[in-house]
Every structure is written in structure tokens, then in C-alpha cells.
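*Asks:* Below are the chains, spelled out letter by letter.
Number of protein chains: 4
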Amino acid sequence: MIFTSDTEQKLRSQVRTIEHYGSRMPDAMVDEHLEEVSIIVGQTPMDATRLNRAKKLKAIINVKGNWEPNIDYQEAQKLGIHVLSIAPVMAPAVAEMCVGMAISLGRGIVKNDLLFRSSMERYGIAGNVEAISLYNAKVGFIGYGNLGRALGPLLAPYACDVRIYDPWLSKGYLAQQGYQAASLNEVLQESQYLFLLAGVNQENDGFLSRALLETVRKDACVVLASRSEIVDFDAFLDFAEAGRFRAAIDVYPQEPVDPSSPMRKRRSIIFSPHLAGGMRDSYQRIANSLADEIPQLLRELPPLLLQRAEPRLAAMQTSR
Amino acid sequence: MIFTSDTEQKLRSQVRTIEHYGSRMPDAMVDEHLEEVSIIVGQTPMDATRLNRAKKLKAIINVKGNWEPNIDYQEAQKLGIHVLSIAPVMAPAVAEMCVGMAISLGRGIVKNDLLFRSSMERYGIAGNVEAISLYNAKVGFIGYGNLGRALGPLLAPYACDVRIYDPWLSKGYLAQQGYQAASLNEVLQESQYLFLLAGVNQENDGFLSRALLETVRKDACVVLASRSEIVDFDAFLDFAEAGRFRAAIDVYPQEPVDPSSPMRKRRSIIFSPHLAGGMRDSYQRIANSLADEIPQLLRELPPLLLQRAEPRLAAMQTSR
Amino acid sequence: MIFTSDTEQKLRSQVRTIEHYGSRMPDAMVDEHLEEVSIIVGQTPMDATRLNRAKKLKAIINVKGNWEPNIDYQEAQKLGIHVLSIAPVMAPAVAEMCVGMAISLGRGIVKNDLLFRSSMERYGIAGNVEAISLYNAKVGFIGYGNLGRALGPLLAPYACDVRIYDPWLSKGYLAQQGYQAASLNEVLQESQYLFLLAGVNQENDGFLSRALLETVRKDACVVLASRSEIVDFDAFLDFAEAGRFRAAIDVYPQEPVDPSSPMRKRRSIIFSPHLAGGMRDSYQRIANSLADEIPQLLRELPPLLLQRAEPRLAAMQTSR
Amino acid sequence: MIFTSDTEQKLRSQVRTIEHYGSRMPDAMVDEHLEEVSIIVGQTPMDATRLNRAKKLKAIINVKGNWEPNIDYQEAQKLGIHVLSIAPVMAPAVAEMCVGMAISLGRGIVKNDLLFRSSMERYGIAGNVEAISLYNAKVGFIGYGNLGRALGPLLAPYACDVRIYDPWLSKGYLAQQGYQAASLNEVLQESQYLFLLAGVNQENDGFLSRALLETVRKDACVVLASRSEIVDFDAFLDFAEAGRFRAAIDVYPQEPVDPSSPMRKRRSIIFSPHLAGGMRDSYQRIANSLADEIPQLLRELPPLLLQRAEPRLAAMQTSR
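Protein chains in written order, with the numbering used here: chain A, 301 to 620; chain B, 301 to 620; chain C, 301 to 620; chain D, 301 to 620.
There could be a bad hint or two in this list.
One copy or any two copies: either way a pair holds, since identical chains are not told apart in the list.
[Said to hold, decoys possible] Simulated crosslink set (DSS-like; lysine-lysine; CA at most 27 Å straight-line):
no.	residue 1	residue 2
1	Lys411	Lys355
2	Lys355	Lys565
3	Lys356	Lys310
4	Lys378	Lys438
5	Lys565	Lys358
6	Lys411	Lys356
7	Lys565	Lys438
8	Lys411	Lys310
9	Lys565	Lys411
10	Lys438	Lys356
11	Lys411	Lys358
12	Lys471	Lys364
13	Lys358	Lys378
14	Lys565	Lys364
15	Lys471	Lys310
16	Lys378	Lys565
17	Lys471	Lys411
18	Lys310	Lys565
19	Lys378	Lys310
20	Lys471	Lys356
21	Lys438	Lys355
Read the hints as simulated data drawn from the structure, not as lab findings.
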């Protein structure tokens, strides 16, 4: 999907490529080419032994959003090999979906369409009793990584009061980005719109427990966009169903969701089958970024568009 | 709805009010107070005779979005009486809904939620075959009044290529606002997202005819947000149903829509029962604007937040 | 200057022009053409009699920044004749100069260039003892008309805390524009950068008296950009000379300034001989605006780029 | 200057500090504490031996703008020790000065102040014959590092057409930042405002040769803000003096400049004695950044506000 004809052709004219599609490259094929390869695109396992054998290797480019545990991040850093991710390039599509879901929840787009089809709709102010708006709203982000950085600018014209909980970021950095750092409790209790944008790591698996979700502001619009593992998913469904808050969900503990799952009957939730990031536009954007970044890396210049693994944090994300 | 307790109390402490709720003020009541009143809030008929009798009148404030034919706009101008509308204050809520509808159409939020409930959803790229994104999209506005001015900034972070058709506005003005003027044909044929934002007047009733709608770009996302009268509504439904384009509709030729209308079965349309503008936030914003503007008017200073009637255009809008 | 060859030619191809250059058009010439003219560009006297004779007149376009007393503004409004000014088109050049002067004052550009020429410069932090920066600074505007509206966006990236004193504007309007309304005292006492941007009218001639200027924050950077008449000019020079504040001046009670004026020796002031607005770029922008606006007016559509006279306020501005 | 009382106190309450002021810390003192130290602030020499002895060292923070050759950058990376610079925190002050200088050159602020003092000033359009404006101007950056990234947003409201020459950056990255990549020739020949913002390294010492400077657009406003070594300085002075272009200079091959240097007499240049970055506000901003970043580093989290050395490029910058 990434190597569309245009980009592929452009890259091929500049470099020699060794390609394998459909599954991970067989070990024998990896080992055959390891000593001559400059750039790896994909999720090929790269332990310390392989990294040390790959004398010409300049960068490993992960084309999924999450760091995988099959790379020795510390060793790569020692050897000066970049480990990179396309996550920042995938983020805009997710951010757009977050806005669409937030407005759909706040303004009742899905719900009112359904009422209209049943001739049960109400017009104007009578139909807007529960409607809330992003303008000047209290907004909370849980996690401020690639998704948060892409979502922030989309919310800017609504003049929201955005507060961010991210335990890995400093108050001063968030202030420089134009946001206020806040405690988890404050974000949960006060946000009218709550965006769940954190990645998963050793420390935060299921950290949004039933007890914490119970503190979410009454009638908040909650968008679960990053990884389902950060919440107690059953509790999340229960609270949304009970009308404790409104919810939109793009990610699930198991995908595909069991066809007979009772979750599918829950009415106060907007369901999206993991559609936020993986669209044609995203893959085109990734292809363009690779076409731009690979020549940069081959010249031994620093990457500009892709995200670098922080060895300690990448290792934390992957060891679950 | 507008005079919430806070604002009401603040205004009442500054001015003497004569109030009538629920329907238009009876003629006798109007005539009794006409000579002493400084500001009229509401859609009270004001012909030349009344305007000339109202010696202290400084402003008439229409609290609906559209100019009504029951005011002599030319005479009011002659007498130096402002005729004002809250339309610019109502516009942000409509603009937000336009974004929500556009993303719902482009990214399939309503459609995929429904598929999920039927266990027919597809995940990731497989479910996104038809998905399009606002980022860098070709966007067309038909009409650039209050709605367009409110919508523009919400689209800015998506770096769209926005083209505007508005026969009352000059190319230079649109350029100054950051947009490119375009012909109607160009806007219809090239826009991936098409926002119908024009008001209705003598000249443009039903101007988006079946023949013109047939030229809309294949698979465009079309949001009908201002007035249903600007399109041939039946043709609009037909093309949307036939998949010529995707549509979201907030306004209808007759409201409420007939419960048995076959329109309600059409699947490729998002229906919203005139919910775009009239929400609590809008009325609060209107109340705040009046609390701010009325003292300004009483001091014989120009209005700042409300829109002034252009006598000739207001008359055109109302004489249908 | 306004009718550059390009614009002139374009306009001439559309309309018949009656032209007179160098001074005001002679009365006989005006009277000869009055009944057939649609648009007047210039400062031609237009009392009620003339206005009523000009049956086809749609607009009078003042190409100076200030309203003149030779027009009957009320009568023009009654007759539906627009009286327009190019002030908003002239404002960007003035705003740019304001930024240049503010940074020159705050960072000592003029002063340090002079010290360098005398080999008396100091480097780095030693030379920056008095330097202040616009970033996050407290900024005050006195007056928020065309100049303020043009200056605001230029300061936005510095994240200043801008407070505005303008007795004709409401708190809510300024808030909507992104600024905080403030009292005159607050603006004078607290601003690190103070921009004097008000026009002159009956009420405010010399209103920034010696007593008020004495309250200006110690070491503030004060830019006098609109009209010298709003300050007690001698007091202003005295305080600047005494180092009470730093000043940049573009406008003077008498222009040209007397060659032997002692003001010319004052060292803590940056002098600019009325250069802020009247540059080639401004006249080009005015020409373009006329070329855009005149066809609009001839079609009886509202003006878009030029400013309309508010009859009562225009009359106030002119009756000094 | 950096450790102001507030910040110092806050940091001291959190960490134990070992301090030495006025010159580089004596070797004995460094060696005594090397094994226990977590963060080094300053330009202490750190070769491979020292780096390997410093078992607890997490980061070295360079508080000057340029990388020094006394650190083994590759070894630091291998050991996972961050080498950081405050350059991004210093950049806003420099960017502000660049805007002030550009407007001073374009609008003639320094020059016209001097003419006024000699009673030789001309008013309005007559005095503005050579005036040019940033609005819609063609602007070129040579180098797009910290300075360019700080300057860009300050120019945004002027709607300039900014083109950037930076051989280390890709076209796609510059496009993502909102700029167009351009060749050196194009930037030199077409820019009305030319900002010289590049750092110095092995490859670019004196790269703006007399021959290249000769191609600068006639009457361009050129601001030399980063390092004098990137230009043939004598040629630069000659062309500026000859009126080939207008120039503002903040950095010199030797500082202080010889008091008797003939450069001091050159009239078409604005001289600034290395004042662009090192002002009180910058040091306060650096102090705040350290107070924010050091706890982050002690928790083994990635730095957020400071810039990381790219080993290969830092080494290139320093080996001259």
C-alpha cells in the first residue's frame, strides 16, 4: 500500500531494493542481504547480533504505528542506526477522525440521523436539548504524542480550553505547545470532551480503571482513539451504555470484534472498526515521507519527518 | 431562550423593558409604546409609518437568521435606525455542524457505525475504500456570508484548497479573506467537499437545478446547511440516493418532514432535523451579544457584533 | 499615485472617467458633471444641496485616511449614498512601521547603530542592559480602529498580553477580537509597549495630557503613529527626552517640522517624517481596492474593502 | 546569568549542585566529581575517557549556541548520554531582532531618523521613494535551523513568499513546515529580504563568496544574523557600501571590532554589536527551560525543550 507506483518508481531509480511482500521477510532472505543493506522498511526482527552484522545499515523504518519488541533499541543507538516510525505521518488521519467523532457525539449526528429514519426526530432547540459544542469547551487529552500534536491544531479554531495529562512530559513543554498540564483526576472530572490518545506501555496497561472512569464528567464526550488497552474496556462500555458519558470507539481488545458480541447493541456509543488511521491518504503520505526521508538518511543526514525511537521508552512500549 | 436569567437581569438593571413572549407583540401593545422605545428585539412589523412614529428608536434587532419582509429597510436607513441581525452570532454552531457532517460523510462515521451494529463492518484499509479526508482537499463554498466566514477558520488547519462562488462578492475581497473566487461550474465540478451556505433571495430560489446538480463531482461530500430553497430538493435527494454524491441535510422544504416521506429511507444521506444553529450555546452567545451591543446602541455608537441590513439586499431576500 | 497605469486602464475600460489632478476639482467642473456621476473619488466638497443634485451618485470615496468636514454625512446616508474611506487599505503599512519602531525602541537598533559608529558600542549582554522584547510583553493600544486591527495580527506571534483602551468599543467586541478591554490608566501605567493609534475627534483632542503622560510606565516604548493631536505634544517630547519613556514619532503638529526646532536634538526619540502609511505599496493596494470595489458599487452591491463613514462619528471627527 | 535566584533556588531544592563560575571548571574539580555527576551544564571538555568514567551522567547541556569541539559526540551517543544545546531557547530573541532590522532596512527607520536630525528629511511619499515592505515580499532564508524556525512565525502575518536554501534539509520537510525549498542562486537573486541564518561548519565557511554576493538582488535588504564566517565579510561590506544591497549586521569576524575599523564609517549598513540573542529575556528563558528539562532528564525521560546534538553534524560544526 505504501509503495504506490509513483513513489516506488522514484525510489527504485535511486536505490536498489530487495523486496518481500505479504508477510515478514524469511530469515534466510534477511540474512543473505543483511551486510549490504542500508535501510530496512518493515518490522523485520533485528536483535543485537543482526544489528552488528549489518555494517552498512543506517536506519530501520517501522511502518506500523507502534514499536515492536523484536528490535534491540539500545544496541541500535550504540551503533548509530536510526530506528524510525511513521507514526507522525499516520496521526493526521486519526486526528481528523477524532474531530468527526467528537462533533458527532456532541451534536448528536449519528443519533439524530437514526431518529429521523424512525420519524422520531425533534427540530431545532427541542432536538438539541443534549447538544454541546466544541467552542470554548473544556477539553482533555490523555497522552500527548503524535496524535495529540496532530489533534491540537484542529481544535485551535474552536478556542477550547485544552488540558493535558501526560506523565512523560514536562509542564514547561506543554506550556510552550500552548497547553496546560493537568492531573489525571482533573482531566477526567472536568473535560467536556475527553480524547484518549495514549500509547500502551508496561506502566499504563488498563490504567483507566473502572474506579477512574467513574469520575469522568457526567455527559462528557469521550473518544477512544489510540489503543483499547489503556482502559478497562468492559467498564468503559458499561459506563457509556449507562449514559455516564457518551463514547466513540475506534479500537478494540480483539479485532475483529466477535460478531455476536453484546457490545454491538449498545446505543449510546459510536463504533468505528479501526478506521481512524489506515486510509488511502495516510499511505500516500507515508510513501511521500519515505521518498523524502530515505535519500536524506542515505546521505547520513538526520531524519526529519519520521519519529525516532527513544531506546528506553520504545523498549517499555514493547515489553508487554 | 435568549434572555437567560443572568443576561436579563443585567440588561434590566440598565434599561426599562417592555416584554411580550410566545408570539409577536400585539399591535396595540406595539403602538402604545412605539414613541418611547429605543430598541426593538424581535420580528415586530415596522413599516414606514411606524418607523416615523418611533422618534426615539435606535435599532431593531432581528433574532432570527433571515431578514423578514415586514420592515421597510430603506426608510429605516433614511431615519438612521439600525436594522440588525444575530446571524453572525448563530453562525459558529452551524459551522461546527458542517465540519461534523463533512467528516462523517468523508470518513463514513454514520455508515460504519450502522455496519458495525449489523456485524458487517470491515477493519482498517478494507473498511476505508471510500474514505476521503479534508486534509488538502478541494473544497467549495456556495455562498460566503456569515456561515462561510465562520466555517473558513474551522477548515484552515486541514490546509484545504477552498474556492468560493458568491455572485455578490468581489474577487479581491475573497482574496483578502484568503480564498479564491470561482465560477459556479468550477465549484460544482471540482469540489471534493461542497458546502451549500447561501441564503435565499429573489434571484437564487432553486438555482441549483437538476442540471447543475448533475455536474457535481462524483463521490463529493455535499453539506446542505443554509436553506433548502437554494436547491431543487427532489433532484438533490435523487442524486444522493443514486450515489452521485454523498449528502448531509439539515434543512428541508417543509419542516417537520412528513413522517411517511420516502426520503426517510434513503441510505446514502445523513439527515439532521434543523439542528445546526439553534442550540443552547447559540442562544447564550446571542444573549451575551445583546448585553454587549444594546448599551453601545443606546450611546449612539455603531453596532459591533450584530450584522446590519443592507437595505437593497435585505429587501431582495425578503420579497419571495 | 493611486491610478497607476494598469489599474487606470482597467477602470477606464469599464467606466467613463472625469478627471482632475493636483488640487481639488474646480466647482464649475463638479457642478457640470454632478448629475451624471456615479462615483466620486477624492475629497470634493459635497453638502446637502450637491448630494441631492447628484441623482446617480452611489458612492464618495475619500482617498485620505481621515474624514473631512466638507461632506454632509447624515444627508448622504439618507440618500443611500455610501461615503467610503481607504483607511483600512492604508493601515497595514502603518502597522508594519509600528512593529519596526517598537522593536527598534525595545532592542535599541537606532541607538546601538549610532554607538557603533562612535566606537562606543558594548557587546552582548553588556550592550543589552536596557533591551526589552515583545515576546510575552504587556502591550497597550490606545484606539482600536483600522490601525489596531492591522497591528494586532503582526504582534500575535510574540504572544503579547494586549490590552486596549477605546471608549467607542464594547468589552465583548474586543474579547471577540481576542483582546482585553482596559481603562486608560491601566493601559498607560502597565504597558511595556504603548501604541498610540487613535484618530482625532471633538472629544479627544490632546486628551493624553501632561498629567496622564506622567503615568506612563517607566521605560515603556511608546509609538505615536496615528495623529499628533491626541497628545500634549510638548509634554510628550519632554518626557521622552527626560527618559521617562522611549518614543518613536511619525506625526507632528506641523509638517514639515521647523528646521530649527529644538526637538531635532532630542536623543531618546526615533523620528520618522510621516512615512508610516504613504508608501508605494499602499497606493498600489488602494488602486487594487478601487478596481475591485467600484464595479461592486456600480452593481449596487455593498462595499467590501473600504470603510463606511458612521455619520455621527465621521461628523465628530471632522468638526474640529 | 542563567541561574537567577528563583530558578537556582528551585533547582537546588531538587538536586545537589557542584558549581564553578567565571571560567571553565578546573580539571581537578571535574575529575573529582565526574563519577557522581548526573548533569553537566556548561562547556566542560568531555572526551571519551571522561565520558566513560562518568557512570551516572545523563546529559551535558551546552549553554552557548554552537557545538564545541571538546566533546566526543559519537561516544556520548553510544553511552546514551544526551548532549544538548539551548540554541532553540535563544532563537526567539534573534528572530525578533531580524524582524526589527528587516523593517528598519525596508522602511528606512535608521536612515530617516538621521536625516531628520540634520533637517534633511522628506515627508510621506517623497521620503518613501526607496521604501519596501515585508507584506507579500519575496523572502529568502539561508539556513533553516533554530533561527529560521523562530523567524518563520514572526513573518507569517505579512504573507511573505518565503523560500529556503538549506542543503541539509529535504524538500518535503520544508514543505511540511510551510516553505518552499529553493536553490542558493534563486534565493540570492530573487529575495527582497534575505536572512543569513546558517551555522558554520567545515563545508560552508565563507561559502557566500564575493561572486555569489554579487548576484544578490538589487536593493535587497540583507540581515546577517547567525555567524559572520558564512560570508566573505569584506565583500559583504563592499557591496553594502556600494548600495548593491542594504545590510544589517549583528556578527563580526572579530569582536569587538577594531575601534578604528573603516567599516564604522559605512553608511548604508545598520550595525549591531552582537546584541541579537544575548539579552535578559533569553537568559530567563534558558533558566526556565533548564528548570523544566533537568528533572525530566533525571527521570530518564527524553529532553523536550533543548536541542540534541546530531553526532556527525555536531562534529562537523566543531572541527574548524
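*Asks:* So, for every hint listed, does it hold in this structure?
*Replies:* Comparing the hints with the structure gives:
1. Lys411 to Lys355: neither (58 Å within a copy, 51 Å between copies)
2. Lys355 to Lys565: neither (55 Å within a copy, 58 Å between copies)
3. Lys356 to Lys310: Answer is within: at 22 Å inside a copy they meet the 27 Å cutoff, but 47 Å across does not.
4. Lys378 to Lys438: Cα proximity of Lys378 and Lys438: none, with 44 Å in one copy and 44 Å across.
5. Lys565 to Lys358: Neither, since 50 Å and 52 Å both go past 27 Å.
6. Lys411 to Lys356: neither (56 Å within a copy, 49 Å between copies)
7. Lys565 to Lys438: The answer is neither: 30 Å in one copy and 37 Å across copies each exceed 27 Å.
8. Lys411 to Lys310: Classified as neither; 47 Å inside a copy, 37 Å across copies.
9. Lys565 to Lys411: both (14 Å within a copy, 16 Å between copies)
10. Lys438 to Lys356: The answer is neither: 50 Å in one copy and 42 Å across copies each exceed 27 Å.
11. Lys411 to Lys358: Answer is neither; intra-copy 51 Å and inter-copy 44 Å both fail.
12. Lys471 to Lys364: Between copies only: 24 Å across, 29 Å inside.
13. Lys358 to Lys378: This pair counts as both: shortest intra-copy Cα distance 12 Å, inter-copy 15 Å.
14. Lys565 to Lys364: neither (31 Å within a copy, 40 Å between copies)
15. Lys471 to Lys310: between (43 Å within a copy, 15 Å between copies)
16. Lys378 to Lys565: Classified as neither; 52 Å inside a copy, 54 Å across copies.
17. Lys471 to Lys411: Neither: 38 Å inside a copy, 38 Å across copies.
18. Lys310 to Lys565: neither (48 Å within a copy, 48 Å between copies)
19. Lys378 to Lys310: Neither, since 32 Å and 34 Å both go past 27 Å.
20. Lys471 to Lys356: For Lys471 and Lys356, the Cα distance is within 27 Å only across copies (25 Å; inside one copy 40 Å).
21. Lys438 to Lys355: neither (52 Å within a copy, 45 Å between copies)
The earlier numbered hints that this structure contradicts are 1, 2, 4, 5, 6, 7, 8, 10, 11, 14, 16, 17, 18, 19 and 21.
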